[in-house]
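Dock chain one against chain two, each of which comes alone in its own frame, and use the hints as you go.
Residues per chain, in single letters:
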Amino acid sequence: MGHDRMRASDLHAQYVPTALYYADADTVEYVRRDVPCIHRRIDGILTLAFDLHTRELIGFRVKGFRNFFINHLKPRHKMLDGDFIALVSVIEEAFQLVGDKVCPNEESIEAYRRARKIAHDDRVALEPLAA
Amino acid sequence: MATSAKASVVTDIRVGVGEWLRFPDSVLAPNPSDPSKLCMLRLSHADTCKAAIAGRRQPAFDLWSMVVGCAPPVPGVDFRNRDVSGKLVSLSGAHACFRGIERPLAEDDDGRDVLAYVLRPHFFYEYDPNMVSVASKIPVPRGLVFVVYVRLTESRGLDQSGMVGTITHWSFVEADANDPKLPVNHASRYRARLW
Numbered sequence: 001m002g003h004d005r006m007r008a009s010d011l012h013a014q015y016v017p018t019a020l021y022y023a024d025a026d027t028v029e030y031v032r033r034d035v036p037c038i039h040r041r042i043d044g045i046l047t048l049a050f051d052l053h054t055r056e057l058i059g060f061r062v063k064g065f066r067n068f069f070i071n072h073l074k075p076r077h078k079m080l081d082g083d084f085i086a087l088v089s090v091i092e093e094a095f096q097l098v099g100d101k102v103c104p105n106e107e108s109i110e111a112y113r114r115a116r117k118i119a120h121d122d123r124v125a126l127e128p129l130a131a
Numbered sequence: 001m002a003t004s005a006k007a008s009v010v011t012d013i014r015v016g017v018g019e020w021l022r023f024p025d026s027v028l029a030p031n032p033s034d035p036s037k038l039c040m041l042r043l044s045h046a047d048t049c050k051a052a053i054a055g056r057r058q059p060a061f062d063l064w065s066m067v068v069g070c071a072p073p074v075p076g077v078d079f080r081n082r083d084v085s086g087k088l089v090s091l092s093g094a095h096a097c098f099r100g101i102e103r104p105l106a107e108d109d110d111g112r113d114v115l116a117y118v119l120r121p122h123f124f125y126e127y128d129p130n131m132v133s134v135a136s137k138i139p140v141p142r143g144l145v146f147v148v149y150v151r152l153t154e155s156r157g158l159d160q161s162g163m164v165g166t167i168t169h170w171s172f173v174e175a176d177a178n179d180p181k182l183p184v185n186h187a188s189r190y191r192a193r194l195w
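Chains as they are written, first to last, in the working numbering: chain A, 1 to 131; chain B, 1 to 195.
Hints are computed from structural coordinates only; laboratory data are not their basis.
Some hints here could point you the wrong way.
Computed far set for chain A versus chain B, every beta-carbon distance over 10 Å [to be verified]: (1) Q96; (2) D100; (3) V102; (4) C103; (5) E110; (6) H120.
Covered by chain B, according to a simulated footprint, are these stretches of chain A (three or more residues, beta-carbon under 8 Å) [what the hints assert, rightly or not]: (7) 11-21; (8) 27-37; (9) 62-74.
Note that CB positions come from ideal geometry on N, CA and C, so glycine has one too.
Bound conformation, chain B alone (with noise of 0.2 Å):
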């Protein structure tokens, strides 16, 4: 037993530095109008970086055990979290899309053109340093989804790498009283639900 705890150590070690902020650039999605069928989005790294250049790393671990559906890739993070089982979710597992943010995202006035993906995970990763990793899976507080930002290409269509829109940014929301698998007061934080 000590053996094999100890060669999971050295394995995990051998992640490279650095590695948890090389994101793919791409992930899989529902598509926003056949839930059926998958999409690529982009995944944009910008904003992820700047906020680890400044110290910043729970974005980076949301986006890693939220979005992409793994654990993120840093030193002993297997080791420590050895005997957490649960699952993660990826945004591939998003049960509900709604389009329209009600509020200006950059050159669009009042975000119609951004989707929202909701999520919800059991576990995640937190930033939380200790001796073995500076990772640890714990489990979501009831009462709580995830809720993953888009910024669509174009208002409708493919740009010419196929891929449907931008991921722009994450966070965790309130649940709705009512409707717990929803974001609270999505009626009107949202223009319109998909699906």
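Chain A with its partners taken away, still in its complex shape (with noise of 0.2 Å):
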């Protein structure tokens, strides 16, 4: 943790766009720069995120994502320990969870849409989620 510590503490470092598991809040979170957002829910799964000043759309959270990941992406996709996961993978199955338990509406398919094409853009991948 040391050396963590010492990057951390770092308040000049350059922001990497980076996804990442926060285990307490059990929430991937993918945002481009590193700014004061506002989060809008979409539903139960998906959150986005953006720029307080421009609102622009910056990112997204995926939400609830261990229960997901183990009984959703790992044994849909055949993922082995130690692999990565692209989060375009993680958003289309976000979406067809939801579309099987509700009929989605015209603006939670778009909230969908321009999240995939940011995880598609930036190709987005989490670390392996023991990691």
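Quick look at the structure:
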């Protein structure tokens, strides 16, 4: 933790956009910039992140991720421990799961489309969950 | 004037390296069952430190300025923001509390043991580096509220240390157009309003 602590303490190092799993919040988050965000809940799985100043969409959260990973992603994509997880697959799987429960409205479809586009354009991948 | 300003800068520089990641272990909050009383909540550091390791500091700055209720302890913060006089709020100033977030959180299948405290801060600190400091105090735009999520220790009661629960995450959300002190769609996004 010493090296990590030193790195974390550095107030001037550049932020490199990275998908992170936050265990306490049980959420995966990806944002393009280290800025204050407004979070807009789409449903129980997806939340979009907007730049507080410009209101531009800059990222997303996938919530309840541990359960989602174990019950849906891992078996379906035959993932091995240590595999990186492409967030495009996560968004697609989440959309399918939501669609199985309720008929998504226009706003919801558009939200998933926009989140998927960010994941695709930025080639967002999550570190292996156990790490 | 020049002398006092210079002294202020020197004082700020004495903020220790990494001080901004040394959060308090607990904070006070209105009791979920009786807002006229205060309770103690554990403050989880792990996710905020993980974000900081990745170079993302804003979650920590949000935590300092709207949960703990003070400026992030970084060099130059007082001097840079000496002319911005707006008060900060802390979690103890929450004006509404909901229970149940209608989504899984770890072992909690539908987030029924999660509280959502709602605050309406007027100012907060943004990560915005310049020559003086990395923290800039700015007003919160209209139409937003700040929500702090707490996982209850047990369905009911306290853990051995007297904590009611653990603060896990927080964020700005859009306010309800009809009731700007509450989050948009609060009736569907939370299970019940406690107060």
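Quick rundown of the hints versus the structure:
1. Non-interface status of Q96 of chain A relative to chain B is upheld: no Cβ of that chain comes within 10 Å, the nearest being about 17 Å off.
2. Every C-beta of chain B lies more than 10 Å from that of D100 of chain A, the closest at about 16 Å, which supports listing it as non-interface.
3. With a closest Cβ-Cβ approach of about 12 Å to chain B, V102 of chain A is found to remain outside the 10 Å limit, as its non-interface label requires.
4. With a minimum CB-CB distance of about 16 Å to chain B, C103 of chain A clears the 10 Å threshold, and the non-interface call stands.
5. No beta-carbon of chain B is positioned within 10 Å of the beta-carbon of E110 of chain A; the least distance is around 17 Å.
6. With a least beta-carbon separation of about 21 Å from chain B, H120 of chain A lies farther than 10 Å from that chain, consistent with its non-interface assignment.
7. Judged by the Cβ-Cβ criterion of 8 Å, the stretch 11-21 of chain A is covered by chain B as claimed, because 8 of its residues qualify and three suffice.
8. For the stretch 27-37 of chain A, the stated coverage by chain B is satisfied: 6 residues place a CB nearer than 8 Å to a CB of that chain, which reaches the threshold of 3.
9. Taking a C-beta to C-beta cut-off of 8 Å, the stretch 62-74 of chain A contributes 5 residues in contact with chain B, enough for the three needed, and the coverage statement holds.
In summary, the structure agrees with every hint in the numbered list given earlier.
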